[in-house]
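Enquirer: Read off the chains here:
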Amino acid sequence: MKLLAFATRNSKEILRDPLNLALGIGFPLVVLFLLTAIQANIPVDLFVIEKLIPGIAVFGLSFISIFSGMLLAKDRGTSFLMRLFTTPLTASDYIIGYTLPLFPMAILQIAISFLAAVFLGLEINFKILLSILVLMPTAILFIGIGLLVGSLFNEKQVSSICGALLTNLSAWLSGTWFDLNLICGWFKAISYALPFAHAVDAGRAAIAGDFTAILPHLWWVIGYAFVILVVSILVFRKKMSGDNQ
Amino acid sequence: MIAIKATNLTKVYKNKTAVNNLNLSIQQGELFSLLGVNGAGKTTTIKMLTCLIKPTKGDATILGNIIQSNPQEVKKFISVSPQETAVARNLSVQENLELMANIFGFDKKTVDEKVEEMLETFRLKEVTKDKAVTLSGGMQRRLSIAMALISNPQILFLDEPTLGLDVIARRELWTAIEKLKGKVTVILTTHYMEEAEALSDRVGIMADGNLKAIGTVSELLTKTNSNTLEEAFVTIAKKEEVNL
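Chains as they are written, first to last, in the working numbering: chain A, 826 to 1070; chain B, 73 to 316.
Bear in mind the hints are in silico, worked out from the structure with no lab data behind them.
The reader is advised that the hints may include incorrect statements.
Computed spacing ranges between beta-carbons, pair by pair [said to hold, decoys possible]: (1) F951(A) - T206(B): 43 to 53 Å; (2) T128(B) - A1038(A): 34 to 44 Å; (3) Q982(A) - K148(B): 30 to 40 Å; (4) I932(A) - K255(B): 44 to 54 Å.
Straight-line Cα separation of at most 30 Å, DSBU-like style, residue types lysine-lysine; simulated pairs [unchecked claim]: (5) K181(B) - K837(A); (6) K251(B) - K899(A); (7) K126(B) - K981(A); (8) K251(B) - K180(B); (9) K876(A) - K197(B); (10) K1063(A) - K251(B).
C-beta: ideal position from N, C-alpha, C; glycine also.
Based on the sequences and whatever the hints tell you, model everything.
Expert: This is the structure in structure tokens:
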């Protein structure tokens, strides 16, 4: 009950910030429409809707980090979290309470991106559902990144780190905007040492029906998501036991 | 019965001793004020007693529960209204109150009753549906204290509750705090002497991390040959030690 109360509060805080919502859902859609328009006039293999949409969905999910990071940083910045720290809520209540409302939002965001892609010519079949399923660990990954950054930095810093750095970095290193093979080898090596390109490739493999290619990429994402979430829990617990020490 | 007992409670930050060997005993139902200038150690004391930070040395019990070894049990009995107004900004007044009541596990009927009671007590009925962020400073502070009280705490920590409020808002808050006397143990930190004088059963004066004096207002006045609490405070805060 106490966990649900906290999670509900977090949902309300996020949903009542229309600018965040408009940016998080609207901006990836604008990019999707723009790149599709480019593809219609100057055909680029990478911007074919089946290849583009998993990348756009991953790009959209990077905005979830802003939601989770900003909410946590705002709570830490005011005395609100300090008040809650004196209640019987436990560390796991906080982490689940921050994650729970964001997960359905992330799924909704992926679904909206895929729905827009259907209007732009993506064929409706079970592979869309599979791709959405495959992208779920990526949603957890971005929520975890947001919680980690929100536990460590203040509101302004979170805005810069998640809003500017993470969204750009995850987009460039994901192979959504350009083929990673076109740039020198180290760039591709870095990209595949991080989870973003793997997330996009797993989504693409699902859409293409190349089922054996999904798991090798997905393990990278799941591994990163697990590590980031564990680290964010540990950092949060440390902060909880004495942010002001 | 003793509500709070601190024994040699100490907090050291790097080279600075924020609270030094604090020994204190507060009875249930008592309204105890901690006075001190900025940096005297009042807020650090409250943070230790509410399990927000760990003491470097010493310990304290809250209704018999040791703060260091049993913080989750302690948290069932206490509530805090922090120095800075602590409300969920995008939630309405009612939602803020419901949130706190639900976190403490009340059933739906009790939540509704408690919310109604708090709205009435703290005169927030006309802004029930308003978002907290749109309220005036005084109303936000009243909401913040109502959120602390909705859980029926046995011990309430009010950290500078009237800081930054205008005279009328301050007096209104005093009235609300006075109603708690005898029912809830209240630990109040304040800069305002007249506030401590008007509300407290006993006053403790802190300076440089030390509890310099403790007693009723009249005891402190007698001991320091002062006419006002402010005079007594200045005398005590500047002296090395005052035995009362």
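Enquirer: Going back to the hint list, which numbers does this structure go against?
Expert: 2, 6, 9, 10
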